[in-house]
Amino acid sequence: PGFKGDQISSSDSLKSSACIRLLCHMLREPLFNELRTKQQLGYIVQAYFDKGYSVHPHPEAPMTTPVDLIAINVLSRKLSPPEVAERVDEFLVSFRTILETMPASEITDHADSLSQKLLKPIQSLSSEASMQFRRIQLYCPELVSTTDLMPWDSVQSVARAVSGITRQDLLSAWD
1 PGFKGDQISS SDSLKSSACI RLLCHMLREP LFNELRTKQQ LGYIVQAYFD KGYSVHPHPE
61 APMTTPVDLI AINVLSRKLS PPEVAERVDE FLVSFRTILE TMPASEITDH ADSLSQKLLK
121 PIQSLSSEAS MQFRRIQLYC PELVSTTDLM PWDSVQSVAR AVSGITRQDL LSAWD
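In my numbering, the protein residues as written are 1 to 175.
Simulated from the structure, these hints should not be mistaken for laboratory data.
Derived pair list, reagent style BS3-like, types lysine-lysine, alpha-carbon separation capped at 30 Å:
hint: 1; residue 1: K15; residue 2: K51
hint: 2; residue 1: K120; residue 2: K51
hint: 3; residue 1: K117; residue 2: K51
Could you put together the complete structure from these sequences and hints?
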């Protein structure tokens, strides 16, 4: 499960979320370079981190469980969707080798860059309000009957965790 906040998530979910975010950050450029530039699959080739939510009506389980994911979009007029999916799958299999051979300094650079990006202040009031309201919608129902606090600073926790991610952590998350 994805990370909610320090008081309502485990350290394992924090590490997992940090790994998924860092992997997404690291694969954007090679994905674009391979599928858009070299293979020329289509005009749009992108990857981004996203979070889905699983809702549990069972009283023993948390009401919401975040699910971290890497979304990949390719818009192609050249190939059919199954062919595009095959090319994306081939890239994803080859990306493990990129992770294995990437210099440690490059992993550190990616981690530092992502940490800075996560800690960058939100630029608009509407974005901030929307993000905080979504957090209230998701977590308030399960926190109302506990002493746990709303996870207002979860992004800061993830940014700190990203800095401590190792190559082995990334490979374990990838597998």
